[in-house]
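Q: Here are the chains, one letter per residue:
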Amino acid sequence: MRQALTDGLVVTWRNLKRIPRIPELAIFAILQSIMFVLLFAFVFGGAIPLPGGASYREYLMPGIFAQTIVFAAATTAIGMCDDINKGLLDRFRSLPMARSAVLSGRTVADVVYNAGILVVLMVSGFVVGWRVNTGIPELLAGIGLLLLFAFAMSAIGVWLGLAVPSVEVAQQVSFTVLFPITFVSNVFVPPQSLPDWLQPVAEWNPVSTLTAATRELWGNPNPYVGTGLPAEEPALVTIGWVIVIVAIFLPTGVRRYRNLSR
Amino acid sequence: MRAILAEGLVKIYRTRGAQVRALDGVDLEVEEGTVLGLLGPNGAGKTTTVRILATLLRPDAGHATVAGFDVVRQAQELRSVIGLSGQYAAVDENLTGRENLWMFGRLYQLPSAESRRRAGGLLEQFDLADAADRVVKTYSGGMRRRLDLASALIGRPRLLFLDEPTTGLDPRSRLGMWDVIRGLVRDGTTLLLTTQYLEEADELADSIAVIDHGRVIARGTADELKSQVGGERIEVVVRDRADLNRAEEVLARDGSGQWTLDEHTRKLTVPAIGGAAKLMEVVRDLGEAGVEIDDIALRRPTLDDVFLALTGHAAAADDRPGAAA
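So the sequence lines, in the order shown, correspond to chains A and B.
Each residue of the first sequence is one higher than the last, beginning at 0 in numbering that gives the first Met the number 0.
Each residue of the second sequence is one higher than the last, beginning at 0 in numbering that gives the first Met the number 0.
Looking at chain B on its own, in the form it has when it is part of the complex (with noise of 0.2 Å):
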C-alpha cells in the first residue's frame, strides 16, 4: 500500500495583495515502509508540502491521502497515525522533558499511565534519561531536536514527517541524529524527510524527490541523481589569470561535463568521473600544461551542483550544504 499518495499539489500564499504560489502542482508517492528525502532550498516548497501532508494547512487545488485518510476530510482520523517533528523544536521549554511527552502522549488520546511508560522508554531511546526532569530551558539545541523527534513518536505513527530534521545542528548532533532515523527506518516507519542537503538525503533516504517553485523537478534513488550531475567534482584555483585558458582546456578533455569558472576566485569547476585517479591525471595534465595552481580538490556533488544540472540555475539556500561534511 502506499502511505503518502499527493496528486497536483497547489497553494497560494496571499500575503498584502501579493499572490506567492509555494507549490504549483507536487506529487508524491511514498510506499509503505520506505524513507522519501524531499530535497530543495529554502522556499522551494518542502515544508508547504509537509505541512498539507501533516493536516496543518489546506491545499488550494489537487488531493492526498495519507496513510489512507484524506488530507482534508478525514484530517482528524489521519493526525491519529501521524507524527510531526517541525524545524523549530517545538516543545514547551517550560515544561521537563518527561512533562513535555506525557502531554503529548495525552493528546495523542493515550491513558495516563501508557503515556507515562512509553515517555519513559522514549527518554532513554533518545538519551535523555539524565536530562528527563530538567526543564527544556536549560536543554543543548541537540537535546530538544531529540525531545521533539521524541514527541513526534509518543503517539506511535505509522508515518513521520522530519521537516529539516538537522537544519541549525553543528556536525556532531547532526551526525547523532542521523543514528537515531536510521534506527527508526530500520524499525520499518515510513518517513517523509526534507532536507536542503543532498548528503543527507543520500544518507537516509530510498528515494529523492528534487523540488524547486513549488514543482517536483527529478525523482529517483541518491546515485541516480548524482550520476545525473555527472559524478564528483574537480576544482582547481589557478595562481595566474594569463593560463586560465590553458587549465579550461585540460579541464574539458579530462572531465566528463562543462567547466564552469569563478572569475573572481579563479577557481574553475568541473564533474569528473574516476575519483582519486583522475584527479592525479588532473593534475599531471596542469603541470604538463605548465598551468601553476594555488589549490585543487576532489569533492562530492553538492545540491548547487545538482540543481545548476537541473534547472540551469543556483539553489538560492542560505546554508551551504559543505557544513555537513
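Chain A with its partners taken away, still in its complex shape (with noise of 0.2 Å):
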C-alpha cells in the first residue's frame, strides 16, 4: 500500500515534469477553451436570448469548464498510447512497482493538470463577465466537483490509450466521443430545443449534470431546467455518474495495463 502510494507519487512527478517541459500542450488546450468563450460570446451569444434577460456569459462559462475537462481526456489517451509505442510502459511494466502507480500516477497528475486549467479559464471568465454569485464554499464545491469529473474522464482516457493501437487513433477515437458529448447536453443550448427522442440523453448526460450543478451553485443562469432526478439532484447525479465511470474503467485499465502484450 506505501508502496503504491510512492510509486504512484513518482510517476505524478513524471507526468507534471512534462507539462513545463511541452508547454505548447497546456497553452492550446487553454487556447482552445478561451477561443470557445469568445465564440459562443460573441457570435451565438446574440442568437440564444435566454429567457428573464440572463446573461449568456454566464450561462455559458460553466458549460466550457465541463468542456475542457472532457476534452482533457483526449490528452491523457494519447500521452497513455504515447508511452505505449515508446516502450515506456515495458520498461514500468519490468520494473519491481506498483502495479497501480502508472494508471494512479497519470489520473492524479491529470487531476492537478485540470485544476491549473480551470485557474486560467476562471479568471478569462471573470474578465467576460462572467461572475460568482453564491460564495466562496460554493465556489470551491463547483470546482471540487469538476476535479472529481475531470478524475472519471482521465480513467476513460487511460483505458482509452491502452486500449488503442496508435496515437494517430487514440486521438480519432477521443474526439468522434468527446464531441457528441459535450453538445449532447445543456453546454451551448437548452436540452429542451433537441429532438424528443434525443432530451433525456441530453437530460442525463453527466456532462449537463456537472454544468447543472456548477450553475447552481455559483448563481449562474440555468434556466432550462428539465424533470425527474438529472434536474432536481445534479451535483448528485454527477456523482453518481463518477462513481460508475471510474468503478468501469479504473479496473479495466488496470487489467489491461498488467497483461499488455504489444
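Hints are computed from structural coordinates only; laboratory data are not their basis.
Watch out, some of these pointers could steer you wrong.
Claimed, not checked - Quick list of in silico lysine-lysine cross-link-like pairs, PhoX-like style, CA-CA up to 20 Å:
id	chain 1	residue 1	chain 2	residue 2
1	A	K85	A	K16
2	B	K277	B	K266
3	A	K85	B	K136
4	A	K16	B	K136
5	B	K225	B	K277
What the hints assert, rightly or not - Far from chain A, some chain B residues (derived; all Cβ distances over 12 Å):
id	residue
6	A53
7	S84
8	G104
9	G119
10	V134
11	K136
12	R173
13	L183
14	G219
15	K225
16	S226
17	W258
18	I272
19	E280
Each residue gets a CB set at the ideal place from its N, CA and C atoms; glycine is no exception.
Mind docking these for me? Both chains are given alone in their own frames, and the hints should help you get the complex.
A: Okay, structure coming up:
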C-alpha cells in the first residue's frame, strides 16, 4: 500500500514534469477553451436569448469548464498511447513497482493539470463577465465537483489509451466520442430544443448534470431545468456518474495494463 | 547455478483470427556470469523470448526460471533482480537524463538519495555527464541507447537482458556500445543479448543460440558455429557469363563446400578455409583456367551464411549484416 503510494507519486511527478517541458500542450488546451468562450459569447450569444434576459456568458462559462475537462481525456489517452509506443510502459512493467502506479500517477497528474487550466479559464471567464454570485464555499464545491469529474474522465482516457493501437487512433476516437458528449448537453443550447428522443440523453448526460450543478452552486443562470432526478439533484447524479465511470474504467484499465502484450 | 533455465517455451499470438506461433518450444540455459547471444532474423522469436523471461509476457506453454524465480509465479520478486534494455530506447524524452535515472531508481525501490547517487555514477560511466541535465529529446540515438542501458542498470541487476542493443546505430556508436557491454561483462554481469549480427554475437557472447521460426536450431560458441558453416567465404564476380562453368569448376576444387551462384550479378560464392592464402590460390587457378573476373573478395561468414547452412533457407532479415563491419 505504502509502495503503491510512493510509486504513484513518482509517476505523478514524471507526468507533471512534462507540462513545463511541452508548454504548447497546456497553452493550446487553454487557448482552445478561450476560443470557445469568445466564439459562443460573441457569435452565438446574441442569437440565443435566455429567458428573463439572463447573461449568456454567465450561462456559458460553467459549460466551458465542463467541456475543457471532458476534452482533457483526449490528452490522457494520447499520452498513455505514446508511452506504450515509445516502450516506456514496457520498462515500467519490468520494474518491481506497484502495478497501479502508472495509472494512478497518470490520473492524479491529470487532476492537478486540470486544476491549473481551470484557474486560468476562470480568470478569463471573469474578464468576459462571468461571476460567482454565491460565496467561496460554493465556488470551492463547484471546483471540487469539476475535478472529481476530471478524475473520471482521466480514467476513461487511460483505458482508451491502453486499448487503441496508435496515437492517431487515440486522437480520432477521442474526438469522435467527446464532441457529441459535450454538444448533446445543456452546455451551449437548451436541451428542450433537441428532438424528443435525444432529450433524455442530454438530460442524463454527465456533462449536463455537471454543468447544471455548477451553475446552481455559483448562482449562474440555468433556465432550462427539465424534470426528474438529473434536474432535481444534478450534483448527486454527477457524483453517481463519477462512481460508475471509475468503477468500470479503472479496473479494466489496470487489467489491460497488466496484460499488455504489444 | 543457472541464471536462466527455459524449457519448452511456447507463445502464440492471436490477431484478428489469425494465429502466429511466435515461439514453438524454446529451450535455453545460461550459466551465471556468462553471456548468451540469441541470434536470429527479424520475427524469429528473439524479442518474444526476452519479453517472457523479463516478465512482460506469459508463455502459453513451458516454463522458465530466471535467477531462481519462476517468471510467471514469482514475477514481482524477479523484477527486482533483472534489468531490461530494449530495441526502442525506453526513456522519457521530456525528462533529463538524470531525472530519468532517478525515476527508474526510485521505481526499483531505492531511497531517493541512493538513487541520485547511482544516477550520477552511471552518467559518468556512460559518458553522459555533460548532457545529464539536458532533456532527452535533444540526445542523439547513441546517447539515448546508453541512457536506456544505464536505466536498466540502476537497480544493479544480477541479470541483464539486452534486446538488439545496437540495431539502428551508426558504426561508431555501435563500437562504443560494444565497449560498454564488454565492460559490464568484465564486471561479471550475466547477460542475455539478442542480435541479428553474427559478428556482434561473436564479439560479445560466450555462447550463441541460433533461433528461427520460434525454435532454437543450433547452439555453440561462435567458432563452433562458424566451422559448421565452413569458414570464410570467397566471392567471385565473373566478367563473362560464358566463363561461369569453368569458374564453378575451380571453386568446386578450391572451396570447402558447395558453391552458390547469383545469376543476375554473375557472383559465385563458396565457403573456403585458409584465408588470404586460399584467396591467392583461387585467383591463380582462375587465371590458369582463363576466367576473367570483375571482382574477388574474401569475407567472413554472415548470419545469412549460417542460416543457409543450418536451415537451407536464407535469413529474412531486413538489415544486412554487412553494416556491422
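Q: For each hint, tell me whether it holds in the structure or not.
A: Evaluation of the provided hints:
Taking the CA atoms of K85 of chain A and K16 of chain A, the gap is about 17 Å. The hint holds against a cut of 20 Å. A hinted pair counts as satisfied when its Cα atoms are at most 20 Å apart, and K277 of chain B with K266 of chain B qualifies at roughly 18 Å. For the suggested pair K85 of chain A and K136 of chain B, the alpha carbons sit about 12 Å apart, so the restraint of at most 20 Å is met. Proximity of K16 of chain A to K136 of chain B is assessed by CA-CA distance (about 14 Å); at most 20 Å being required, the pair is judged to hold.
Distance restraint check for K225 of chain B and K277 of chain B: the Cα-Cα separation of roughly 17 Å lies within the 20 Å cut-off, and the hinted pair is therefore satisfied. Consistency note on A53 of chain B: stated as away from chain A, yet its beta-carbon is not over 12 Å from all of that chain's, at 5 Å minimum. Against chain A, the non-interface label of S84 of chain B is violated: not every CB pair exceeds 12 Å, the least being about 9 Å. With a least CB separation of 10 Å from chain A, G104 of chain B falls inside the 12 Å interface cut-off, contrary to its annotation.
Listed as outside the interface, G119 of chain B is consistent with that label: its C-beta sits roughly 18 Å from the nearest C-beta of chain A, beyond the 12 Å cut-off. Residue placement check: V134 of chain B does not keep its beta carbon more than 12 Å from all beta carbons of chain A (closest about 6 Å). Not every beta carbon of chain A lies more than 12 Å from that of K136 of chain B, the smallest distance being close to 8 Å; the non-interface claim is violated. With a closest Cβ-Cβ approach of about 20 Å to chain A, R173 of chain B is found to remain outside the 12 Å limit, as its non-interface label requires.
With a cut of 12 Å on Cβ distances, L183 of chain B stays outside the contact zone with chain A, its closest approach being about 18 Å. Taking the minimum C-beta to C-beta distance to chain A, about 29 Å, the non-interface status of G219 of chain B holds against the 12 Å cut. Here K225 of chain B stays apart from chain A, with its beta-carbon at least about 33 Å from theirs, past the 12 Å limit. Distance to chain A confirms S226 of chain B as a non-interface residue, since its nearest Cβ pair spans about 37 Å, more than 12 Å.
For W258 of chain B, the non-interface assignment is confirmed: its Cβ lies about 43 Å from the closest Cβ of chain A, beyond the 12 Å cut-off. At the 12 Å boundary, the C-beta of I272 of chain B stays outside the reach of chain A, the nearest C-beta of that chain being 43 Å off. No Cβ of chain A comes within 12 Å of the Cβ of E280 of chain B; the nearest lies about 50 Å off, and the non-interface call holds.
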